[in-house]
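So the chains spell out like this:
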Amino acid sequence: MRLRRLQIGLWIAAIAAMIIFAGTRWAIQGEGVAETSPAFTPVFTLADEEGRIRTSAEFRGKFLLVFFGFTNCPDVCPTTLSDVAQVMDDLGADAEKVQSLFVSIDPERDRRLGLAAYTAAFHPAILGLAGTETETQAAADSFKIFYERENDAASPDAYSMAHSPGLFLIGPDGEWLRQFTYGTPAADILSDLQTRF
Amino acid sequence: MKQLFLAATLSLTASAAFACETVTVGDLSVAHGWSKVTIGAGRPGVFYVSISNAGATDDALVGISTPAAGMPMLHETVLKDGVASMPHAMSIPVPAGQSVQLSPGGYHGMLMGLTAALKEGDSFPVTLSFEKAGEVTVNVEVLSLRAEGPDCADAEQ
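Line by line, the protein sequences give chains A and B. Under our numbering, think of the first position of the first sequence as 1, with each following residue one higher. Under our numbering, think of the first position of the second sequence as 1, with each following residue one higher.
In isolation and in its complexed conformation, chain A is listed as follows (with noise of 0.2 Å):
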């Protein structure tokens, strides 16, 4: 009788520690979005540097390469953009295949500060987008991206905003291709490109 006892004990251990092996291995794929996730086209509505709204309709028939990032941003963000502004360059002509795209995920004080210099300065082919909140977290659902805003009084006005630094290659046909992660070389982009063309 104790023995049984034990045994269903052992039992209900083991079934316990399956589930919770099932359900982490089950979080982690959910995290691991962009390197594996089936095809899926992501969408966007944004105002642009001028306030026209944009939408990811306008853009078939191109490569759109998609950074989301803050203009407040001292590292992560003009390292990105100016590997773009080189990728932009060294197409030469396939370049009109290509539009790169600046996703403000902190539009209120981009605005503020001037979206339309602050792309410029890399590359007047990068155009910048900044829509609402609403319309902001919709396209970060919409790409399957991550960002958040976080309290820092180490930072200006007080906060800084967390996200994920990949680029991301869309297809002329509206369909997500892939993401470079951060660091990925230049020369790394152009090649992928032109294999594509």
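Please note that the accuracy of each hint is not assured.
[Claimed, not checked] To give a feel for the contact side, a few chain B residues facing chain A, derived at Cβ under 7 Å:
| hint | residue |
| --- | --- |
| 1 | V25 |
| 2 | G26 |
| 3 | S85 |
| 4 | M86 |
| 5 | M110 |
| 6 | R146 |
| 7 | G149 |
[What the hints assert, rightly or not] Below are the DMTMM-like pairs computed for lysine to aspartate or glutamate, each with C-alpha atoms no more than 20 Å apart in a straight line:
| hint | chain 1 | residue 1 | chain 2 | residue 2 |
| --- | --- | --- | --- | --- |
| 8 | B | K80 | A | E150 |
| 9 | A | K97 | A | D192 |
| 10 | B | K80 | A | E148 |
Quick caveat, the hints were computed from the structure, so don't treat them as lab data. Note that the Cβ used here is the ideal one computed from N, Cα and C, for glycine as well.
Fit chain B to the given chain A structure using the hints.
Chain B alone, transformed into the frame defined by chain A:
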């Protein structure tokens, strides 16, 4: 014309030398101080530098100050679970016998409250405060937005 050319050559040499010069304090040597152009004065500038510790005692960079910015702070870009955040770094360890880089995608100085926009070719001093070695001032060169670091002859060393 000749004088103008000479002046231009001298100023180029001077600006290249700023980022490439090494200054020492105790067992620490500090070199390759550089920054990037800012788009206006309302956005923070960045400060990158190399520090090496030839001594047998661990040290740490605990603060920076500069006349170029009202609120310079040390930060670290952290990539965790696919999300980049930029927490304030209270101190940056400089272990005995090792080198530490403040470089893109890692530790960096964030220069908030710039007194003026940083333009390519500008240079400004930054004073680094170390826990043990004390203070040392380096000249920081402002490079283009696309720069990946100063072009120094000893950069590989």
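Checked hints:
1. Taking 7 Å as the C-beta contact cut-off toward chain A, the hint placing V25/B at the interface is violated, the least distance being around 25 Å.
2. A least Cβ separation of about 28 Å between G26/B and chain A goes past the 7 Å threshold, and the interface hint is therefore violated.
3. The interface hint given for S85/B is met, as the beta carbon of that residue sits about 4 Å from the closest beta carbon of chain A, less than 7 Å.
4. At its closest, the beta carbon of M86/B sits 5 Å from a beta carbon of chain A; the interface hint therefore holds under the 7 Å criterion.
5. Because the beta carbon of M110/B sits about 5 Å from the nearest beta carbon in chain A, less than 7 Å, this interface hint is met.
6. With 7 Å as the threshold, the beta carbon of R146/B comes within range of chain A, its nearest partner Cβ sitting at about 4 Å, so the hint holds.
7. With a least beta-carbon distance of about 12 Å to chain A, the hint placing G149/B at the interface is violated under the 7 Å criterion.
8. This hinted pair checks out: K80/B and E150/A have alpha carbons roughly 15 Å apart, not beyond 20 Å.
9. Straight-line distance between C-alpha atoms of K97/A and D192/A comes to about 14 Å, which keeps the hinted pair within the 20 Å bound.
10. Distance hint between K80/B and E148/A is fulfilled; the C-alpha atoms sit about 14 Å from each other, no more than 20 Å.
The structure fails to meet hints 1, 2, 7 from the earlier list, while all remaining hints are met.
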